[in-house]
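These protein sequence lines are chains A and B, in that order.
Last residue of the first sequence? That's 200 in this note's numbering, and every number before it is there in order.
Last residue of the second sequence? That's 230 in this note's numbering, and every number before it is there in order.
Any given hint could turn out to be false.
[As the list claims (entries may be wrong)] Below 27 Å or equal to it, Euclidean Cα-Cα: the simulated DSSO-like pairs (lysine-lysine) are: (1) Lys-136/B to Lys-183/A; (2) Lys-111/A to Lys-183/A; (3) Lys-122/B to Lys-230/B; (4) Lys-104/A to Lys-200/A; (5) Lys-59/A to Lys-111/A; (6) Lys-60/A to Lys-159/A; (7) Lys-122/B to Lys-60/A; (8) Lys-159/A to Lys-136/B; (9) Lys-200/A to Lys-76/A.
[Said to hold, decoys possible] Sample of chain A residues lacking proximity to chain B, with all beta carbon distances greater than 10 Å (derived): (10) Tyr-44; (11) Gln-122; (12) Glu-123; (13) Pro-139; (14) Gln-142.
Rather than coming from a laboratory, the hints here were simulated on the basis of the structure.
Note that the Cβ used here is the ideal one computed from N, Cα and C, for glycine as well.
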Amino acid sequence: MKYIRLKIAVLTTACLAVSTAAGHAESLAVRNCTWCHGGSAQGYTPAPRLAGQRPQYVKKQLINFREHTRDNPFSKLYMWGAAANLSPHTVRNLANYFSTIPPKAANDGDKELVAAGRAIYQEGIPDSNIAACVACHGPNAQGVSEIPRLGGLAYTYLKRRLEQWGEGYHAAAGPPMPHIASKLARNQIEALSSYLSFIK
Amino acid sequence: MKLINSYRSLRPEEGPLQSAHRILPFVGLAILTIVFAATSRADAAAVSNSAVEAKLAYCQDCHGPLGQGYRGFFPIPRLAGQQIEYLDNQLRAFVERRRPNPIMSNVAHVLSPDMITALATKFRDFNPKPLGGGPKELVAKGERIFQDGVPEANVAACAACHGPKALGYEQIPRLAGQLYRYIIKELTNWSKERGQNPAKLDTSFIMAPVAHSLTRSQVDAVAAYLSDLK
Chain A
1 MKYIRLKIAV
11 LTTACLAVST
21 AAGHAESLAV
31 RNCTWCHGGS
41 AQGYTPAPRL
51 AGQRPQYVKK
61 QLINFREHTR
71 DNPFSKLYMW
81 GAAANLSPHT
91 VRNLANYFST
101 IPPKAANDGD
111 KELVAAGRAI
121 YQEGIPDSNI
131 AACVACHGPN
141 AQGVSEIPRL
151 GGLAYTYLKR
161 RLEQWGEGYH
171 AAAGPPMPHI
181 ASKLARNQIE
191 ALSSYLSFIK
Chain B
1 MKLINSYRSL
11 RPEEGPLQSA
21 HRILPFVGLA
31 ILTIVFAATS
41 RADAAAVSNS
51 AVEAKLAYCQ
61 DCHGPLGQGY
71 RGFFPIPRLA
81 GQQIEYLDNQ
91 LRAFVERRRP
101 NPIMSNVAHV
111 LSPDMITALA
121 TKFRDFNPKP
131 LGGGPKELVA
141 KGERIFQDGV
151 PEANVAACAA
161 CHGPKALGYE
171 QIPRLAGQLY
181 RYIIKELTNW
191 SKERGQNPAK
201 LDTSFIMAPV
211 AHSLTRSQVD
221 AVAAYLSDLK
């Protein structure tokens with residue numbers, strides 16, 4: 001009887017240890033992200049804000065990192081490794097978790113370029129065949145489904161991403177972003193990035 | 001011929017000089033017509049292939065590489081296989097505020113009639129698979145409404161105007177393969193989105209009573225049927 005009790009005690013301890021390790025692993029996965037993306041996932045240059053991002057978008061990007069189709073230098077350096085061994089379950093949990101954190105606007109663009117950026121975002125430039133971003137990203141740059149929220153992301157992140165489409169990165173992402181963004185001039189990219197950085 | 005003969009018989013005294021005097025303005029008009037025709041041909045030639053290709057690529061940015069439509073924040077409609085007359089009428093409707101839409105009115109403002117014809121012809125010739133995505137369980141009900149109408153609600157069969165295969169005719173649009181969310185948005189907003197310029201009435205008034213008479217579940221069913229129709 002004493003022996004059985006001891007056995008139960010050992011088993012219970014072992015189970016506790018396993019479940020604690022599992023719980024810890026989950027928080028470790030989050031902690032592994034926030035190390036670069038900031039303690040409350042608000043982003044830390046050049047790692048973008050994840051707070052409030054569309055869960056379907058985050059999920060798709062993690063898959064793109066794993067499949068090496070998101071291929072800019074920082075992705076290769078950090079995210080290819082970070083996403084390599086995530087289970088589908090963890091990918092889903094991380095995407096859902098970050099989407100529930102309220103996003104804060106970076107507010108770090110050039111204020112004088114905001115009006116020009118807003119015009120491009122909301123109206124496009126039909127004479128130059130540049131599409132209005134609002135059609136897909138939404139009136140408040142909130143995104144939908146696999147289309148990312150852009151409002152309030154950091155100026156430098158937005159600027160680099162917009163430049164990178166034109167530099168041939170993420171070509172595998174398919175239409176329409178490579179074609180749309182590669183037509184944007186440097187001053188148009190700066191205006192858009194400034195406008196978006198202030199959106200709450 | 002009869003008319004001309006009777007006209008001649010009324011003026012039997014007319015000599016060759018008078019008749020030349022009467023004909024001359026018409027000759028002038030004919031020459032002017034030829035000159036104008038030549039100018040408009042020059043305009044058509046002014047829409048170069050490269051300008052059409054650049055504008056087409058711009059349309060495709062939002063409406064999809066084969067005009068199949070796109071699920072953006074707003075549903076962006078399928079243009080593939082669409083009637084040329086319908087696209088022309090809608091692009092003019094955006095400019096004339098019959099169909100207020102800030103994005104499309106900007107787009108349409110810079111398109112010349114020749115460019116519209118060129119683009120509409122390109123899109124009519126695309127034939128991609130429908131994007132689909134409507135609830136499959138509604139398809140049978142939607143097909144019944146489309147083909148037979150809803151007699152008890154005085155809703156005529158959609159097929160009567162849009163055709164049994166929903167391919168449309170001239171200003172009546174093709175609906176086959178149109179986006180599920182787009183059809184719902186149009187039918188539930190009809191009288192807020194179409195025919196908005198009282199000074200310029202258009203064919204959209206034909207659809208208003210139909211859109212009003214359909215219940216939301218009937219709208220969903222028709223949209224589900226059409227969204228998957230090739």
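Going through the hints against the structure:
no.	hint	result
1	Lys-136/B to Lys-183/A	39 Å, violated
2	Lys-111/A to Lys-183/A	23 Å, holds
3	Lys-122/B to Lys-230/B	18 Å, holds
4	Lys-104/A to Lys-200/A	7 Å, holds
5	Lys-59/A to Lys-111/A	33 Å, violated
6	Lys-60/A to Lys-159/A	21 Å, holds
7	Lys-122/B to Lys-60/A	33 Å, violated
8	Lys-159/A to Lys-136/B	42 Å, violated
9	Lys-200/A to Lys-76/A	30 Å, violated
10	Tyr-44	28 Å, holds
11	Gln-122	7 Å, violated
12	Glu-123	5 Å, violated
13	Pro-139	8 Å, violated
14	Gln-142	8 Å, violated
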